[in-house]
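Protein chains in written order, with my numbering: chain A, 1 to 245; chain B, 246 to 490; chain C, 491 to 735; chain D, 736 to 980.
Hints are supplied without guarantee of correctness; some may be wrong.
Sample of chain C residues facing chain D (criterion: CB under 8 Å; computed from the structure) [unchecked claim]:
id : residue
1  : M604
2  : L610
3  : G667
4  : R678
5  : G679
6  : S721
7  : C722
8  : V725
9  : K726
10 : L729
The hints are simulated quantities; they were obtained by calculation from the structure and are not laboratory data.
Glycine included, every Cβ here is placed at the ideal spot set by N, Cα and C.
Number of protein chains: 4
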Amino acid sequence: MNSLRITVWGENVHEHKSAKVKAVYPDGMHTVIAAGLRRLLPEAAVTTATLQEPEHGLTAERLRETDVLTWWGHMAHHDVADEVVKRVHARVLEGMGLLVLHSAHHSKIFRSLMGTTASLSWRDEGERERIWVCNPGHPIAQGIDRQFVIEKEEMYGEPFAVPPPEEQVFISWFEGGEVFRSGCCWRRGNGSIFYFRPGHELFPTYYDPNIQRVLANAAEWARPRGTWVESCPNVKVPLERVASA
Amino acid sequence: MNSLRITVWGENVHEHKSAKVKAVYPDGMHTVIAAGLRRLLPEAAVTTATLQEPEHGLTAERLRETDVLTWWGHMAHHDVADEVVKRVHARVLEGMGLLVLHSAHHSKIFRSLMGTTASLSWRDEGERERIWVCNPGHPIAQGIDRQFVIEKEEMYGEPFAVPPPEEQVFISWFEGGEVFRSGCCWRRGNGSIFYFRPGHELFPTYYDPNIQRVLANAAEWARPRGTWVESCPNVKVPLERVASA
Amino acid sequence: MNSLRITVWGENVHEHKSAKVKAVYPDGMHTVIAAGLRRLLPEAAVTTATLQEPEHGLTAERLRETDVLTWWGHMAHHDVADEVVKRVHARVLEGMGLLVLHSAHHSKIFRSLMGTTASLSWRDEGERERIWVCNPGHPIAQGIDRQFVIEKEEMYGEPFAVPPPEEQVFISWFEGGEVFRSGCCWRRGNGSIFYFRPGHELFPTYYDPNIQRVLANAAEWARPRGTWVESCPNVKVPLERVASA
Amino acid sequence: MNSLRITVWGENVHEHKSAKVKAVYPDGMHTVIAAGLRRLLPEAAVTTATLQEPEHGLTAERLRETDVLTWWGHMAHHDVADEVVKRVHARVLEGMGLLVLHSAHHSKIFRSLMGTTASLSWRDEGERERIWVCNPGHPIAQGIDRQFVIEKEEMYGEPFAVPPPEEQVFISWFEGGEVFRSGCCWRRGNGSIFYFRPGHELFPTYYDPNIQRVLANAAEWARPRGTWVESCPNVKVPLERVASA
Numbered sequence: 001m002n003s004l005r006i007t008v009w010g011e012n013v014h015e016h017k018s019a020k021v022k023a024v025y026p027d028g029m030h031t032v033i034a035a036g037l038r039r040l041l042p043e044a045a046v047t048t049a050t051l052q053e054p055e056h057g058l059t060a061e062r063l064r065e066t067d068v069l070t071w072w073g074h075m076a077h078h079d080v081a082d083e084v085v086k087r088v089h090a091r092v093l094e095g096m097g098l099l100v101l102h103s104a105h106h107s108k109i110f111r112s113l114m115g116t117t118a119s120l121s122w123r124d125e126g127e128r129e130r131i132w133v134c135n136p137g138h139p140i141a142q143g144i145d146r147q148f149v150i151e152k153e154e155m156y157g158e159p160f161a162v163p164p165p166e167e168q169v170f171i172s173w174f175e176g177g178e179v180f181r182s183g184c185c186w187r188r189g190n191g192s193i194f195y196f197r198p199g200h201e202l203f204p205t206y207y208d209p210n211i212q213r214v215l216a217n218a219a220e221w222a223r224p225r226g227t228w229v230e231s232c233p234n235v236k237v238p239l240e241r242v243a244s245a
Numbered sequence: 246m247n248s249l250r251i252t253v254w255g256e257n258v259h260e261h262k263s264a265k266v267k268a269v270y271p272d273g274m275h276t277v278i279a280a281g282l283r284r285l286l287p288e289a290a291v292t293t294a295t296l297q298e299p300e301h302g303l304t305a306e307r308l309r310e311t312d313v314l315t316w317w318g319h320m321a322h323h324d325v326a327d328e329v330v331k332r333v334h335a336r337v338l339e340g341m342g343l344l345v346l347h348s349a350h351h352s353k354i355f356r357s358l359m360g361t362t363a364s365l366s367w368r369d370e371g372e373r374e375r376i377w378v379c380n381p382g383h384p385i386a387q388g389i390d391r392q393f394v395i396e397k398e399e400m401y402g403e404p405f406a407v408p409p410p411e412e413q414v415f416i417s418w419f420e421g422g423e424v425f426r427s428g429c430c431w432r433r434g435n436g437s438i439f440y441f442r443p444g445h446e447l448f449p450t451y452y453d454p455n456i457q458r459v460l461a462n463a464a465e466w467a468r469p470r471g472t473w474v475e476s477c478p479n480v481k482v483p484l485e486r487v488a489s490a
Numbered sequence: 491m492n493s494l495r496i497t498v499w500g501e502n503v504h505e506h507k508s509a510k511v512k513a514v515y516p517d518g519m520h521t522v523i524a525a526g527l528r529r530l531l532p533e534a535a536v537t538t539a540t541l542q543e544p545e546h547g548l549t550a551e552r553l554r555e556t557d558v559l560t561w562w563g564h565m566a567h568h569d570v571a572d573e574v575v576k577r578v579h580a581r582v583l584e585g586m587g588l589l590v591l592h593s594a595h596h597s598k599i600f601r602s603l604m605g606t607t608a609s610l611s612w613r614d615e616g617e618r619e620r621i622w623v624c625n626p627g628h629p630i631a632q633g634i635d636r637q638f639v640i641e642k643e644e645m646y647g648e649p650f651a652v653p654p655p656e657e658q659v660f661i662s663w664f665e666g667g668e669v670f671r672s673g674c675c676w677r678r679g680n681g682s683i684f685y686f687r688p689g690h691e692l693f694p695t696y697y698d699p700n701i702q703r704v705l706a707n708a709a710e711w712a713r714p715r716g717t718w719v720e721s722c723p724n725v726k727v728p729l730e731r732v733a734s735a
Numbered sequence: 736m737n738s739l740r741i742t743v744w745g746e747n748v749h750e751h752k753s754a755k756v757k758a759v760y761p762d763g764m765h766t767v768i769a770a771g772l773r774r775l776l777p778e779a780a781v782t783t784a785t786l787q788e789p790e791h792g793l794t795a796e797r798l799r800e801t802d803v804l805t806w807w808g809h810m811a812h813h814d815v816a817d818e819v820v821k822r823v824h825a826r827v828l829e830g831m832g833l834l835v836l837h838s839a840h841h842s843k844i845f846r847s848l849m850g851t852t853a854s855l856s857w858r859d860e861g862e863r864e865r866i867w868v869c870n871p872g873h874p875i876a877q878g879i880d881r882q883f884v885i886e887k888e889e890m891y892g893e894p895f896a897v898p899p900p901e902e903q904v905f906i907s908w909f910e911g912g913e914v915f916r917s918g919c920c921w922r923r924g925n926g927s928i929f930y931f932r933p934g935h936e937l938f939p940t941y942y943d944p945n946i947q948r949v950l951a952n953a954a955e956w957a958r959p960r961g962t963w964v965e966s967c968p969n970v971k972v973p974l975e976r977v978a979s980a
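Bound conformation, chain A alone:
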């Protein structure tokens, strides 16, 4: 197979506004996410893009050369230009994979692909999360034990307002009593979409080897599967002529 071209997109705002976040991710969360992917997928071409770049770093050309896009955003969802969201959306339908990370559940791109609010319950106290594998045979779960622990994470709880996942890969248990569908797969058009819950900006989640393994597996899983440039053609000439029986 061809080597995978992955673009890691980062909102890159918390890291500059909060000293605590900067202490955890001095060069931005996106650089840590990218480093993990590079480590586990040495043949992939992994680059980054951020909100602050022109067109958020997501020009038409850049997207055309992206096989899989990862998306982390939170406080600046509304600063993402609608035009860029439409462009990403179209590219997903065309075949680009999309990994939606943590608070990006409320991003414009995820909500527009799901057609729902993607709302959930939450508590930001830093509590233990156990991430359980629902389908050990799923490609995204390969190399992961039956469960793994993140010692401190933000809690997300059900109900999670999304369409029924086409495959459920992970469900999380939280110390405080909640559960959450943490790893969910959908296909839209020709694109593969994976939502993965962990990744609060205050915690070193993206340094965790299990988290990195899941993201690398998911990038491979989301690899474009074929080509389809959509249209709505008027096919004027019938293929058949029928005479009633």
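Starting from the structure of chain A, add chains B, C and D where the hints point.
Positioned in the frame of chain A, the structure of chains B, C and D alone reads:
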């Protein structure tokens, strides 16, 4: 059960621009659709609303009092105010049923609920359509034979760019050689969505007893199933205190 | 709507072999399940049947007069006659609803409908279970708060080897660190199937008002939706004659 | 990726009982299916097995060394030993891909994986079939035009009694007026299952380059995605100790 409150929404533009369409539907397509529903669901409260009314006839209050909304649109999709689309979308997630008719596959409301383009192939020659039942036990297919014919209809052909239907009720055969997934069910949030293909403005499709039966069945099927006012709450107090094993 | 005819099927073995179980369910688990349904669905006709009766109480006639069947079994799965399983299976495809309770995940009827093993992890220590609602608008979750607690239950943990649920209604959190997809919906043929996890024989789970509410809601949800007597007909006469374009 | 190990299973009965079938497939249908796969997947290891071999050629060892199994059967479904069916079923859940061909819709293995009858309507007159692509981006549709024609085939018509396909790849149009969901994907356990309609024994369907392309694509798509040896473990030691909040 309570009596069903159905609002039949009509774009109501072709009927005023085309003498041919006016000849078929002199009082608008929406009045014929509404009449069919009234005939088959005598206990339902069926009203109509059109694009031309203030807020397209779909105020917040009106939507709150609507259990099931039917939507026919075509040439004026872009004249529907985004604010109204958002309001309808939110109400579907809250529980209102939505019947999406024919060319409304490209309506803003359907595309935003599906997260896809809902594109398809088409040919406007007036050809025979056979509508086959895929699941004779489905509530929307009750009272329908194993198939029925519309003698002259616009053709819609695959590929139909929608998420995998959660239930496939009908598939159409066309004289000219095409096929189409004509009756598809999805749930989004708490709302039930049914797409039904036939209904070109040039043909008397909505007078057909089988078509009317399907719409009446679908309205009953799309009845709100429960209540859920969505939010994204911060649940500050944990339910449990855990000490590591 | 017509009044619902519910048959509560009980394996009825533990109750006679274990003094502990008999202490909790002196007249059998099925009588308590039936009593809860009668209380909440006063218009339903609720009867019971057990393994020990001729044909396990599930004659063709009895099934024909059953709209919804509930199934609890555990240690005697293999004593259920294959012929009866086939009969129940056929009746589900025809339209009868089926509520699969707790250890019946490994019953012949559930496995044959799912096409998978329905295996899971488990621990029988009596621990706290929190049952979370994933879709508060779902009919089976009506009248249930965002979550409820069973103080002592057997633990079931992921992975749960079933096809992707068509709707996810509940997910459980367990004191010992596990999670489980506790309330799952599928349609097979014309029948509606709901799996509901709680209900270990050593605990008074079926006396719990929330549990009883879920079962009553599920029985209403699983009501037959239409009729379809399946066959595989040779349709000798073509409907159309086609001459190539 | 590793080279794919494909076992082509043939019932191999019609070919010996009918001169007409023998004329089309002198060395059996399985040899032609295998030849097509070898041509298009030169790195794959393609072998055949038939009903008449000991254990139908499907010993535990043979299955362990099979990545994807194709299954054609018709008049001898009931001669397939239940024990072999169970073995194949378990191997699919473990991860082996399964391509179910034409009349194998009624095979024991397909019915037991689906949990439904897989019944359909049919007519054996040799009529034109147009196979439409529903999702041009799907890996199984790569290299296929928007539709292709088989000039003479048996007709299969809806309703097709299967669970909702997780992905719909093809739908067929028939000269005589019927439609059918001809290419359907499901996952069960860790195994990928593809049903593909064409392939009546009286017609040279398996020599057709489009048919061969679909089968080769499907074999690649059905490649095992991961490993999971299922069990139902008693996990005695809790991971957590909880003290109520």
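Against the structure, the hints:
no., hint, in the structure
1, M604, "holds (6 Å)"
2, L610, "holds (6 Å)"
3, G667, "holds (3 Å)"
4, R678, "holds (5 Å)"
5, G679, "holds (5 Å)"
6, S721, "holds (6 Å)"
7, C722, "holds (4 Å)"
8, V725, "holds (5 Å)"
9, K726, "holds (6 Å)"
10, L729, "holds (3 Å)"
The structure shown violates none of the earlier numbered hints.
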